[in-house]
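Add chains Z, C and L to chain R, keeping to what the hints say.
4 protein chains.
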Amino acid sequence: MDLPAAPERLFASDNFSGAHPRYLEAMSRANVGHQPAYGLDSHTRAATELFRQFLDLEVDVLFTFGGTGSNVVALGSVLGPAQSVVCAACSHINVDETGAPEKFLGAKLQDVDSPDGKISPHQVEALLHGLGNIHHVQPGVVSITQATELGTTYSVDEIRALCEIAHDAKLTVHLDGARIANAVAAMGGGPETLRALTFGAGVDVVSFGGTKNGMVNAEAVLLRPGLAPHAPLVQKQSTQLPSKMRYVASQFVEALSDGLWLETATTANRRAHQLYDELGDIHSLRISPPQVNSLYPLLPRGAKEALQAWSFFWDWDLSCGQVRWMTSWDTTPEDVSRFAAGVRAALGG
Amino acid sequence: MDLPAAPERLFASDNFSGAHPRYLEAMSRANVGHQPAYGLDSHTRAATELFRQFLDLEVDVLFTFGGTGSNVVALGSVLGPAQSVVCAACSHINVDETGAPEKFLGAKLQDVDSPDGKISPHQVEALLHGLGNIHHVQPGVVSITQATELGTTYSVDEIRALCEIAHDAKLTVHLDGARIANAVAAMGGGPETLRALTFGAGVDVVSFGGTKNGMVNAEAVLLRPGLAPHAPLVQKQSTQLPSKMRYVASQFVEALSDGLWLETATTANRRAHQLYDELGDIHSLRISPPQVNSLYPLLPRGAKEALQAWSFFWDWDLSCGQVRWMTSWDTTPEDVSRFAAGVRAALGG
Amino acid sequence: MDLPAAPERLFASDNFSGAHPRYLEAMSRANVGHQPAYGLDSHTRAATELFRQFLDLEVDVLFTFGGTGSNVVALGSVLGPAQSVVCAACSHINVDETGAPEKFLGAKLQDVDSPDGKISPHQVEALLHGLGNIHHVQPGVVSITQATELGTTYSVDEIRALCEIAHDAKLTVHLDGARIANAVAAMGGGPETLRALTFGAGVDVVSFGGTKNGMVNAEAVLLRPGLAPHAPLVQKQSTQLPSKMRYVASQFVEALSDGLWLETATTANRRAHQLYDELGDIHSLRISPPQVNSLYPLLPRGAKEALQAWSFFWDWDLSCGQVRWMTSWDTTPEDVSRFAAGVRAALGG
Amino acid sequence: MDLPAAPERLFASDNFSGAHPRYLEAMSRANVGHQPAYGLDSHTRAATELFRQFLDLEVDVLFTFGGTGSNVVALGSVLGPAQSVVCAACSHINVDETGAPEKFLGAKLQDVDSPDGKISPHQVEALLHGLGNIHHVQPGVVSITQATELGTTYSVDEIRALCEIAHDAKLTVHLDGARIANAVAAMGGGPETLRALTFGAGVDVVSFGGTKNGMVNAEAVLLRPGLAPHAPLVQKQSTQLPSKMRYVASQFVEALSDGLWLETATTANRRAHQLYDELGDIHSLRISPPQVNSLYPLLPRGAKEALQAWSFFWDWDLSCGQVRWMTSWDTTPEDVSRFAAGVRAALGG
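Protein chains in written order, with the numbering used here: chain R, 13 to 361; chain Z, 13 to 361; chain C, 13 to 361; chain L, 13 to 361.
With the rest of the complex left out, here is chain R (with noise of 0.2 Å):
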């Protein structure tokens, strides 16, 4: 098969790309003399800071290494005795975290099926039937990835109701947001967005993910004011306390002074409508529109196979050929048109 010139980033994952270089330049500005360890530094309570403003909300942040750490800690600070954590088939923490919530939390996950990678209402509903009987494990938290693992997202609205009914039995709901720039850049971008999208909307405890937006290995936990004093001890516990803690927390504090991290993640989600724009007339494809920066194409296998010997992506169904196309902060219109024209050309476009 005869393919054009490579892109020269992959679509492969935004885990892929490298760190935006204001992060490292971030890093580096933080790297003079001594500063307390353990989040008593400076940096630390200015990104601290920046977050409540954000959000208009004196949140609780602890700053933490990866996404799965940010999901044990936020998940761990709120669950209480012999309770579940309600979540979608596909998430993260069900199908791509080696069972760490299991292990850590010693409880169920308690997946429902989600063809979109959303929960409903209805479905949070029909697991509530097991409160109070002592043979079942007793649901405790409802947990959304947002934007979900199949790049779509949730409304405000969604997330109110799903809030409702899981406030009105006493649960908490915990908001996996490894991409919510993504989501937030998507649905209007600002503050008012990710605060209308999480704690105006009732969400407790939030994973906020800064590593697959462009930062160095830097994540977030946001837990409502009060919510759960312990959530410290938790993060420590569960390995998740950075000692050099302004490594983490001068990134965030670079992220959210003026944009940068809107900034990156509208990059990323515009490369993926660019992508959509170039090829959605193949049919065959069966692409959506994308609504963060991922698409999930139907390919033939021979297409598919030398599209992945040219230019490295992930199969997602391999039952039916389906493929995930994913863009990053650093994707370029270049590469995108590239990584297009490879694609025309295997289909013998």
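No wet-lab data here; the hints were simulated from the structure.
Hints should not be assumed to be uniformly reliable.
Note that identical chains are pooled: a pair holds if it fits in a single copy or bridges any two copies.
Result set (SDA-like, lysine to any residue): computed pairs, CA atoms no more than 25 Å apart in a straight line [as the list claims (entries may be wrong)]:
1. K316 <-> G200
2. K316 <-> L52
3. K182 <-> G238
4. K316 <-> R298
5. K182 <-> L330
6. K182 <-> H295
7. K316 <-> G360
8. K316 <-> C332
9. K316 <-> H147
10. K316 <-> I299
11. K182 <-> P244
12. K316 <-> E20
13. K316 <-> G144
14. K316 <-> L140
15. K182 <-> L239
Same frame as chain R, now just chains Z, C and L:
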């Protein structure tokens, strides 16, 4: 109390110091293009290869975020059902990790008294009587710290003796090397010393520390070849698998390729010796000569509080006025001289 | 609603019935003098020997208090690091044990849909793709229930097929036999059938139920010889090691020495068949012929509630009016006839 | 060595003795008809009511299978995130439960030295410094044993002092009462003493032992009203919820309705006193007068081994030849006299 100008850097902890600039430069150099995530990148391969050359052994290498995390991964990779971890009462895993080992491992830490931070073969032997008795936890791992939390070091012979006792009873040996570079530097330096102090002496798994030695939240776990093929699963499950691993691994490439890891540790050790040289004559301090980078003097309450306000350091044993002074890779000779001058002034010397 | 005299015994659960008097007599006979605790007594030896003769295999036998406990001991004895348990969505371990497996094992239960309570080899196969991928839990045990929670049974061939798939991929197979006696009775009876349905077909570890079959809180775990030498430690650690074990073991001696275990199960099965014979002609009930000791009819709401008030039984699926009628070792033919008469009356028949 | 006829019953353990016949009779009387499972039966209600009358307090009561299980349920019901259990080094939970507490709770046991088996308020106080420090486990429960593993007892005042220290720092207090009846019997007997030694003194949760006091694998957990509404979930999750609970509860009805629980404990205590009376004059034994039902004499190796072969008992401290002689509810005066005669003969007396 009239004290001279305080040193620019504190003597509180090697966790208070920043990172050696070369580590940030290495991260920046690694910040190019796309790389496979989760350790399939070229930097991780290179750093792994360097460790293997160093140790002349095909060790399995896992790069992690933090020290507590490294210990949990290391112990979790070798601990069997109903087994316990034998450790010193003052060990980091026992007192400074908020129970992370018990939480993740579901296992007992059997701590033994240790005025000097070290475990003796006799102490291990005394715990073996429980082996085979179903009512008692089964000692499974002996965990030692090198250099210890009290600034002491094990000799190669001492480690070998522990490994022999342990292996004879089918236990494994873990070495918490959060400050292993300081120990290696103190005992001759070089890869040969590292090998002799670890796998050469029979150690099965090592937490190899980077952060306290000047790296940006970077640690490694080294395992005897074939010891625990499931260790990477444990790493992911314990939330210690960095997605953008190149930023951890590239630092280790920098550290190991021309001896930077030993240079920084040697500097820290030297500054502690300098501090001892400048203050060892004050008998009331009761300082022992340092083996690595810390001193544990006694201070009268008034002087102690004045000095802590002037240039912060930690209490060690409040009951007797013992404190800890710790040097770091970035401590300068002038820092030491200023600090020593302050101590003399505070003691009315 | 005018209903005839209610039966003396309920059709609610084989957990509602008492114990066969011979078990209490056996306990009384064992209540003589002193015996070593924790399983070193003569009754435990005798019961173990009987199991070995039955199965013509030197199985390891652990006597436990309860069914959930047996399952936890069995699974905990064979599960490895980061491994999961594959089970049916409706299995007892998945829905009726309040998350005990997740809590004790720290492991994920990967449940598969199962309208008839059984798992197919194809379903196991579909989960094996995760093997070797460090981001996913590793299927480690396939757990099947015999007879299932839905009153169905696996044939020897079906179990063998599951074991082959599992063993080929280095998984083990657990059989939750809370009602294994009912299955054996339904499939011919005798030790040969027991052997064929378990170790003969390749099963690695069995929870052998006693309580639902007329014993006083007595269960056993049977393990393939050499499978898990540490299993007794797991038993103690999971709080399932009876100190005065003679009162559990002596019941198993009584059960196994002259076929009492099969006699009670056979009776329970027969009563279910009698109930089917007496009511199977009522088409609206939609009863399938029982395989063991339970029926799952549909009832109109009014009749259902009247009948439950008259002689209690459990709802099974509220959404469609399905209930469960379960017979027990002590159900009499007259109980069945009275119950059937009540059902006919309630249905206005 | 020429020894007289051995006693019919051993002096090894109150776990070696059988059950008082009245408990088996009570189980037989309860063995009538169907009863709801899992504690909704009439016997469980009656036994609960008896405990409440005894204690003049609406305690929550959970009936369990075993002592280790009771402790796990009790601790699991009150322990919070990142909390530890403070206990004596020689306590059953620390050394004789194969790490069940650490495994189920995922928590550290902070053991304190205790030559007499008891914890002092000062020892608790010394551990409170870690409260609020996120790097240390947070003491959450103080667990004491009454009577202790060393045969000693706490006075009401001693327990009250511990509870005050604990409650002032917001810790709860657990009492492992595997032999609480022996302690109550030793200190005056009757429900008033039980109340005074437990909830009256401030204890929050009690493991109330039955098995060692002559019951058939029957224990109870008593909780201060309102302390832990989720305790029944913890009980099920820890595999300690008997399905046919009537056989546990009916024994407690028998025990509590006319003082049988105290009668058996009183007998055991008396026999220990008789043994002391018959051997206390032999100075080389170094026996202290018993507080409950055990003696801890020193024996020369030759005599010890001869006696153990003649009538088995356990070593206590091999390093100094200390053994344990324990009486039980069924020990007769003649057993004691024979045993004492054997000891005198072995000592060449």
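Checklist entry - Which earlier hints can't be squared with this structure? => result Failing hints, ascending: 1, 6.
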